[in-house]
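Participant: Following the hints, position chain V against chain Y.
These protein sequence lines map, in sequence, to chains Y and V.
Going by this note's numbering, the first sequence opens with residue 1, and the numbers climb by one from there.
Going by this note's numbering, the second sequence opens with residue 1, and the numbers climb by one from there.
Derived CB-CB ranges, DEER-like:
1. Y:88 <-> V:147: 29 to 35 angstroms
2. Y:85 <-> V:147: 34 to 40 angstroms
3. V:141 <-> Y:168: 53 to 59 angstroms
4. Y:173 <-> V:149: 51 to 57 angstroms
5. V:147 <-> Y:173: 56 to 62 angstroms
In silico negatives: residues of chain Y with every beta carbon more than 12 angstroms from chain V:
6. 48
7. 57
8. 60
9. 79
10. 109
11. 112
12. 149
13. 150
14. 152
15. 154
16. 157
17. 161
18. 174
19. 179
To be clear, the hints were calculated from the coordinates, so they are not data collected in a lab.
Each residue gets a CB set at the ideal place from its N, CA and C atoms; glycine is no exception.
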Amino acid sequence: MSRASSRASAGPRDSRSSINRASGAASPLKRLTNEVGDLRNNPSDAVLHLGPASDEDLFRWEAVLKGPRDQTSPYCGGLWLLSIEIPPNYPLSPPKIRFVTPICHPNVHFQTGEICLTLLTSEHWAPSYTLSSTMSALQMLLTEPGLESPLNVDIANLYREDDAVGWESLVRYWTAEKRWQGEGAAGFLSERAPGTGGHLGITQ
Amino acid sequence: MASNSPTTSEPILINHSTADITNDSTNTAGTDQAPTDNEPRPPPLSRASTSALEKCWICLASKDEDPPSPPNPPTPWRHPCSCSLQAHESCLLDWIADQEAPRSRSGGGRSGPSPDKILCPQCRSEIKVQRPNDALVNLCRRLDRQYSRLVLPGLAAAFTSTLVAGCWAHGHTAVYMIFGQTDATKLYMYSLARPGHNLAYALIPINLIFARTRFADFVLPSGTLFLLGTQLQDGLRIDWTMWPPLPSTVFACLPALSQFYNWTYEKAFGKLNKKWIDAVRPRREEGYEGQEENIADILNEQEAELAEANEGGDGGMVLELELNIGAVDEDDGDIPPFEEVQDALNGAGGIAAAAAAAQAQQNNANANAGGNGGGGGHVHRLLGDNELMDDTSSIGQTVIGALLMPAVASVTGEVLKMALPASWTNPTRNFMNGRFGLLSTKWGRSVVGGCLFVVMKDMLTLYCRWRLAEGHRKRRVMNYNKREKVYERVSD
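So here's chain Y without its partners, still in its complex pose (with noise of 0.2 angstroms):
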């Protein structure tokens, strides 16, 4: 592309291109808001939800994430509340993604909600991943647990032992026992258009 058309595509552009304007090239806020922008063209799958916290905090996101589709995993069918806490380095660090809603899984601990992903570690992770494809490495987590370094050593170790029935039926119970349940029961969000933000029960 030519010099000459990509400063005629650049014009005055709304707020958040202001931003991006004033913090240089590669500023988290600017990256954040292409990221809004996408999601808004293009939801994630994995999610009910994925989006700022608040307007104001672009740095605080929360996301319900949606079980699997495939009716087999006993995950299916579940939602769970996230936090995610973008570091002010953004796409050269890893969000921090916690688990809000309890869920039984052998890589995340079932109290504090921290997650065992090695994508979201810094080694490994990589600008070119974004906060939905992450969602949807997540969402994988819950059918490919990893079980090297379980952060939930009980279930991992029925997982082991290949107790089918075992870690299969604890998960459904917890799956459905803890299940997000937000404002409208979900039912709020559909109505709201995706990637717009909106307090999902967070308070922190």
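Facilitator: Below, chain V alone, put in the same frame as chain Y:
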């Protein structure tokens, strides 16, 4: 999980076509187009289809969103690798700088050193950065990297050299103590001229310590013979018939002497020793372990010590060969002939080792006898021997005892000088070969003193053990007199 999904092409396509048709129309995002663009454009469809993919994989902005030049000149786009990823150069440079940072800040917590190559996260091919090439900077960077690799080896080297320096200092001190000021200074001056000899000082404490272990076992029998053999080869150095002997002869024979002493000790007192030790053992442990085993162990230990003594001599031997070669022409000294002293230096390790060995033998015998039964530990405590049965401390005791041996020998030698009549210790030459009497030299007194110390210590230990065994049978538990509130002696 690449960021650019083809489905995002739709809105951008619209965006472009509207921009192409009317320059001043608003795009889908509701922003005004810059009214200045009047240039013709390539066909919209083809351009749109490619530009749809043209998003920076770091900031996710498409080319359309590049800021206008005046405030912020547009940064060029780069496609650094074979795959479809492309990005703003500024974004890439930021990311590369982050990757190259040694350790990322608190937020990241990346562990380990920075990678050598920057790899594309999608296709894993290398991303190359062109830098202004400054030879000096490159050299510095390379040196810096090498230097950081040298940290561990450097620490190890520092530690080793510290150890060697410590050993050297100890060996030097030991020679001074054994030989006295005058002779030791001569030896030192002599060795100064030959770096190899000077370093041999460091071998003395090592010999002393190893002489107390079993590892030296094999060296003993050959060591003494070899030492004497070199004397023969050297010619004129061996004179068995003459008294007083040469220092080298003395030190060469110390290992053999030590072994002989140990053998005699075992023959004379081994069984008694065993009996006394058993006498004080708790009764339930009697017969628990084979007594033969104990004795065998004791014997082994003694042999080990002898061997060790030998090794001490062995270490000195190398020195002796060299010293003898250089020493011939300086033979006619007033004070003890120089070669003698040199020879003695060779043996310095040996003497101390031998003496240490003899002493260690006793200790080890104790330790063995006691340690074997497990119940023996209290024997030493009762004896006031301070000998703990626990392994680490006994190792420490062995090492410290070995290192202290020269000092002990030297002090005992001084005591000898004070105790013996002056006519024995006065420096008078032997009329046969012109040498000084054994006890009239400092080194001779040290050797004799060290040996005496070992013998006396053994005797004392034996005596204590005997008394203890005697007393063991006569033990009685005292009664407590409640009325007068005193313990009463019991008499049978």
